[in-house]
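Student: Protein chains in written order, with the UniProt record's numbering: chain A, 1 to 280; chain B, 1 to 280.
Please note that the accuracy of each hint is not assured.
Since the list gives no way to pick out one identical chain from another, each pair is judged satisfied if it fits inside one copy or across any two copies.
Capping the alpha-carbon separation at 30 angstroms, the derived lysine-lysine pairs in BS3-like fashion look like this [stated by the list, open to error]: (1) K160 x K51; (2) K183 x K98; (3) K197 x K56; (4) K160 x K194; (5) K183 x K238; (6) K115 x K51; (7) K197 x K31; (8) K51 x K197; (9) K238 x K182; (10) K238 x K56; (11) K194 x K51; (12) K81 x K183; (13) K238 x K179; (14) K160 x K35.
The hints are simulated quantities; they were obtained by calculation from the structure and are not laboratory data.
Protein chains: 2
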Amino acid sequence: MSLLDELRLPAGPVDLRTYDTNSAPGVGADKETGKQVLAELGPTLIELQTKLFASKESDDPRRMLLVLQGMDTSGKGGVLKHTVGLVDPVGVKITSFKAPTEEERAQDFLWRIEKAVPEPGYLGVFDRSHYEDVLIGRVRELAAPAEIERRYDAINDFEKRLAEDGTVILKCMLHISPKEQKKRLLARLEDPAKHWKYSPGDLDERQLWDRYQEAYEIALERTNTEYAPWYLVPSDKKWYRNLAIGELLLETLDRLGLDWPAPRFDVAEEKRRLEEDTIS
Amino acid sequence: MSLLDELRLPAGPVDLRTYDTNSAPGVGADKETGKQVLAELGPTLIELQTKLFASKESDDPRRMLLVLQGMDTSGKGGVLKHTVGLVDPVGVKITSFKAPTEEERAQDFLWRIEKAVPEPGYLGVFDRSHYEDVLIGRVRELAAPAEIERRYDAINDFEKRLAEDGTVILKCMLHISPKEQKKRLLARLEDPAKHWKYSPGDLDERQLWDRYQEAYEIALERTNTEYAPWYLVPSDKKWYRNLAIGELLLETLDRLGLDWPAPRFDVAEEKRRLEEDTIS
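With the rest of the complex left out, here is chain A (with noise of 0.2 angstroms):
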């Protein structure tokens, strides 16, 4: 079984409660060996996505966007690191979404996101979204509801466009416990080298823990279509959030049937040249 399938969220309802942080689902490894299956998925991670990367010189409109999703301290920036840095840099466009500036939010709240669409041939990532426009923009009431409502459907309408227009979308939620949280948090305090990491909003932000929940649930239930599915990602174990993303961008690049695009010139008659020239 493809950990595409394994993680998949299934269409209806979601019940966060139900999904257990702490397992390692269709990963037959413990800590150790997970890092090991993770540095050893990096050749061929970077051969389909140098492959996706080259299909841009034959006009093949595909390109791949990643979307991380999670509370804080669930990982994206791990994930960016550990996972997203396996890849060759070149072809990669990582996008990290801040609350939005005044010009952002004088726009609709996809204007931003528009302009961080990876291009034909890139693996696009967002770390956080126009996901938090449903999310914080809930919780904390940024928004009037109906204004919230209407997101829904536009992210859907967005996300169908996308795909139409050749994007592979990947759309992960790191989900944590609120008690792994404390312990990173804690990390953060306890450790100068992590401080700039924490901000006592984030403290404040917990304290919203269920909320949060159910505005993901709703967001993820009401956006979790055939063309931009979610992946919910058990990620209280960091090794099996690394990995698993890993492995779930190796799968869904693989199904993209990528192959060298074929030369736009003539072959021999380039050799010839070249063998004939007397540079030196």
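Since the structure of chain A is already known, use the hints to place chain B on it.
Tutor: What follows is chain B alone, placed relative to chain A:
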């Protein structure tokens, strides 16, 4: 002796033929140990780069810009994959400059460059750069001679402004021999997995080798400033090129004397708040 000192291009006129493209200065290693040494730089590189990335949290304006220039096949892509690929991709912004679009050609040559300058905390990497505008620009006479002349000073003014704004600039010329280029072009033609990297135009440019070398010599001499110095990296040996640029990056980051930023919150108070909370 540091590699920054070893590879620093001396001030004054440049004769590229006096630099051995197949040498490996400042590194007592062969191919196998060289690859090993590069891999071992990884953790230190990541720590230094993460400190740079963290420093923006304390409003430190510093950022870094690595400029990669060199003839076709000199290995800009290899450096991105093997050297830049060692650091945490969240803090890296790579821009690959192609032939300018019509919109870009309607503006000053630095217009598109300016938009790609890294923000504080980031390592920006230019895969080709504004130097193309005095290289192919000069050789192919894409602009009038007076305009080409103007550009050297414009580049210096631009780079000076970046440096004053907190950008540490590391400019590397990947120096290869025409013989090595021939070998690499042939390898691209012989491997279907590399056809996408080849364009018949590469061979047309190759016919102008001497004029390109001359254009490089002029550009190197005229833009080799204290605030944005040039480093000449012998690049016939791929392993040396990757290792040397890794070492140059590391030494440059190290000289910034970065430390983890001081927290802007009361650590003890945050710990107390966290330990007292009962979210579960």
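Student: Check each numbered hint against the structure and report the violated ones by number, ascending.
Tutor: Of the numbered hints, 4 and 14 do not hold.
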